[in-house]
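Chemist: For the record, the sequence lines run as chains G and Y.
Convert by adding 195 to the 1-based position in the first sequence; the result is the number in my numbering.
Convert by adding 44 to the 1-based position in the second sequence; the result is the number in my numbering.
Don't take each hint at face value.
[Claimed, not checked] Which residues of chain Y face chain G? A partial, calculated answer using Cβ under 8 Å:
{"hint": "1", "residue": "ASN102"}
{"hint": "2", "residue": "LYS106"}
{"hint": "3", "residue": "ARG129"}
{"hint": "4", "residue": "VAL145"}
{"hint": "5", "residue": "ALA160"}
{"hint": "6", "residue": "GLY279"}
Think of the hints as simulated: they come from the structure by calculation, not from any bench.
Note that beta-carbon positions come from the ideal geometry of N, C-alpha and C, so glycine has one too.
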Amino acid sequence: METQAEIDFQSAVSAFSAARNEPDWLQKLRLTMLAKYPELALPKFDKIQYQRWPLTDAHEPAVQASDATALAALDLDYADAKNVLVTFGETVVTTRLDPELAAQGVIFTDIFTAVRDYPELVEKYFMTTAIKPDANRLTAFHAAFLNGGAFLYVPKNVVVKEPIQGYYIQDSTRKQDFIQHVLVVADTNSQVTYAENYATVGTEANLANVVVEVIAADDAHVHFSAVDQFSPATTGYLSRQGNLANDAQLDWAVGMMNDGNVVVDFNTDLVGKGAHAEVKVVAVTTGKQLQGIDTRVTNYGQHTIGHILQHGVILETSSLIFNGVGHIVKGARGSDSQQESRVLMLSTHARGDANPILLIDENDVTAGHAASVGRVDQEQMYYLMSRGIDKKRAERLVIRGFLGNVLTEIPAKRVRDQLTATIERKLENGQKSE
Amino acid sequence: MSKLEVKNLHVAVVDEDKGQEKEILKGVNLTMNTGEIHAIMGPNGTGKSTLSQAIMGNPAYKVTEGDVLLNGKSILELPVDERARAGLFLAMQYPAEIAGVTNVEFMRAAINARRADDDQIPVLEFMKFLDKNLATLDMTDDMVERYLNEGFSGGEKKRNEILQLMMIQPKFAILDEIDSGLDIDALKVVSKGVNAMRGPEFGSLIITHYQRLLNYIVPDTVHVMMDGRIVESGGPELAEKLEAEGYAGVRDDLGIDVKLTDEI
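Looking at chain Y on its own, in the form it has when it is part of the complex (with noise of 0.2 Å):
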């Protein structure tokens, strides 16, 4: 079993055209296990993709307070590769395009970043797990031959995403709003990828805005973030009452004093 703990994580980003720093995570904690999977539900604008990016690593992202450890090891020092190899993934919300790089040779990297030179994952083997890999998520052999991501629909790149992910096999994946843009029958089936995942040597962070993909695939734990903070955990449940209630009656029942990005 492995564990991912955030502490009292505050980080801040700064605004180009002003020069300044903006806090926008203001003291995060969350701690989750292999074999649990954790949902962040939160409204626009309160810092659920900084969460995401500063566990990844991203260097846009800077840390000003607390700490994320893995098996109790900071790994805030550590560049975002080493991160990757130590168990870490994140889906991403906008994957970048590489043209020039075909899928297939990007995954087979990524795989034999992870093992000694003298031990790369034979082809055979390669192929094998790719194609089944594929078939769970309903893609064609030609996804892996195109260039990296390059004239993918919204669709594609999270299907793509979550292939990484199955040929990965990481300890712990964040995905960061993989359902927005995605009509329902690829949510079914990126849910798929994402369930064939479950067990104890896998947990799961995901990050969405609506309840759902939450049908899909079922949290253990489900956490409410507003202005930079979580301000709720509970069961399965509390992502219902956030869909009946929407983000304001939760703030309203918390007594939080935050003005929502999308409130009118």
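Bound-form chain G, shown alone (with noise of 0.2 Å):
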């Protein structure tokens, strides 16, 4: 393999926006990204020590097709799904959009088909609003390198029933960056739900950079869910960045299952008058992996609402470290700031930290928060073991239970139970050592 000195990233970045077709601002973005990124710094994250992780050792980007059959591994269920986007790596498996939501103007495709089709709607919004590409070293990275992903619009007033789903598969049968951008925007008054998933096929190392923005305009509601479940092998930049503007509502529910070390950039910010988040996020850490994840949400407007609600299991050797960042600015007057993150560790060899930092520049505002990094409630482990269930069996239902304060919000059943599954399976894995 050439080591990254010998590669003319700059041709072959350039090649591959070629390849791609790609409008003029995209092709610039990148080449000036990728001169950039070296400079610029990582973004530093509370108790989260990932700098020496291989998060920018890129390979050479090439267009290249997988083999869809390799997902029979992954048993995923979107057969019946309406509105659904499959991705393997750089291929597209699927893509379904319900007639009638395409005839409202809802768009929702992969991010080459996008750009091509819709190169003003994507430039105005590509990482313009809710972060920007020269935000730190992996922002810039992940525009100079990006090779997948989706966008989603839905035009004003329009309300989609039905969830929309993204399914995106890293193909490390390979060596290869998944360098993923998912950018949605729900234009005023619209109303959507969205799921998005996110695993591996085949045992390579590989990074992974997923960058997803969700955009709220005026009055617009976003639930937006996703479960993230790379592989042992891949170390992950996972950010999430939501901008509301007034009265906009999105609720954020994320399942972190990964197996490998991710660091996890999770950012909300209240921009409009009365914008509400709600963020949910529950993780299960295995293994020797870490995973560190940074949830902040920044009240900007008047009288915006920010709820934080965190609950995470570790087992084994493992690390899982949760930040909550709630921050009320100077003139976010009446707004409301609220945060909880619970840590239960399940081995006496885990590490576990919930670390609340609440930064108040604004007098007239409530705030508040909670913290905990506790064991497995006894009581309860005896109580279900005296009607005779296993100690494992036990500790899973106690630990689900725990976890349920979280899982019962996502809005989606299928999701849910996904998750669910996703979680006993992880907790299996990581009991098997004990």
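Please assemble the complex out of the two chains, which come individually in their own frames, going by the hints.
Modeler: Rendered as structure tokens:
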């Protein structure tokens, strides 16, 4: 394999962009960020040590197809989904959108089709509003090497009733970077439920760099749920960024079920007056992995509401860090910032941290936080076991109960059931060594 | 027929404030067979609940002397789940609440824990059995879809304990103050459930403070417990004597030198 120094990245990125028929603005953005990223600082997150991870060891970008038959290993359940996009590596496997929605102007397609077919719309929102490409080294790297993702656009006043689902599968049957961008734009007074799943096929060690932007215009309401399950060999930077205008609402529910090391940059900006975000995170950490999750909500607008609820479970020798950052800026009068982060440790060798950070620069607000790191409730264990349920299964039930506070908030039953099954799988794996 | 024996049982708990062990049971002897209903009565603080927890295997209670045998084999070394699968059941005074786990999936897990992996109870069979038991206990379907004991009233929790008892079908059920906090209608319903279980393959140890429950579940044997020991045993008439004379009267009749917790 060539070393990074031997690759002419500028030519390779240009060629990749040209092969994808990208508009000039995107090619230019890629090259600018390619030049800039090494100089930019890595994003800093309290107590999360990831600086030495190989998150910018790019491979030479090339348009390459993945063999979709390999997806059989994952048992994905989207056969009867009306609105669904499935990608594997850089290959689009399935794309379906209810014709009625399409007729109303809803767009849901892979990111390369989107930049070709809707260049102005994508250009308007792509890394302009929720996150800037030069925000840090990893976002700039992302812009330079982007090689997959999706675009969802819901026009003004359109209410999408059926959920929109995305399955973005990393191809680690070979060395290939997974640099995905998902751009969700809910225009004025629209409503949409979007659910996304990330997973890996194959065992190669690869990097994943995912940036998701959710832009909710005035009075828009977005339900967003995600289940991330990258493989043990994947090192990930997972960034989700929300930007809310006046009276917009965004409900996040995210399951961090990865098996490798990930740093999660989860940020919501309540910009408009009366904007409201509910952020719910569940995480299960096993093996030797570290999941470092930095969840931040910033109240900029007046009368904005930002709530963070994070529950996580740590098994074996793994580490889980929950930062909860609630920031109310000066002038955001009448705003509310609440957060709760709880971590359950199943092993004496695990490491966990629930770290509340409240930054309040305005007087006329309400704010609160709760954080705890604890062990499984022995009374609950005794009760379950007194009915004949063995210790490991009882533990899984107690944990499910503990994570249930968050799980029950996920509106789509399919996503909820799938997340429950994923938790069960991850817990069973994690308990094997105990 | 199965046999449960408690022999010279001494049990201590650790006082968390003082860090000292305190002996609660001071030599309890009790033998019961399936087909029999025994009641243990006694004033507050005499160790009735301690006895039930020690038999079930609550790790917070430490057996310092004596033994508990099921069909002649000591169960003291068995963890609580193995004791349960061996046939013991404890209807608890304060059942734990577990959000996120539904009552129905909990009961299925409990039943399936007693069956082989390739012989799990079919859903239809389970639901039919559940419906039958719900009807006996005047419980509605939505109770089973709710999270385990979460937000249940005191009476609902007690009914739910009896529902589990009826679903699990243990050999021996210990009912720890199942009547506390129940109004008369709920008491009748709970008793109906326990009476439905009566038969040659079921035995029950009913722990109660009041004689009232025993009007509905008539025991074969009544034991009186004071100061960590069983001080007298007899037929159902003993419960009536207690009701009439109070615990202090029985104590004085027997000439036992203990101070009752609630005595002024």
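Chemist: Can Y/ALA160 be said to touch chain G, with a Cβ gap under 8 Å?
Modeler: Since the shortest Cβ distance to chain G is 14 Å, the answer is violated.
Chemist: A closest beta-carbon separation below 8 Å is what the hint needs, so does Y/ASN102 meet it against chain G?
Modeler: This interface hint holds because 6 Å falls under the 8 Å limit.
Chemist: For the hint on Y/GLY279, does the least C-beta distance to chain G fall short of 8 Å?
Modeler: With a closest approach of 31 Å, the Y/GLY279 hint is violated.
Chemist: With chain G as the partner, please determine if Y/VAL145 meets the hint condition of a C-beta pair closer than 8 Å.
Modeler: holds, 5 Å
Chemist: Using 8 Å as the Cβ threshold, decide whether Y/ARG129 counts as touching chain G.
Modeler: Holds. Min distance 4 Å.
Chemist: Does the nearest C-beta of chain G fall within a distance shorter than 8 Å of the C-beta of Y/LYS106?
Modeler: Constraint on Y/LYS106 not satisfied, violated at 15 Å.
Checked against the numbered hints given earlier, the structure breaks hints 2, 5, 6 and satisfies all the rest.
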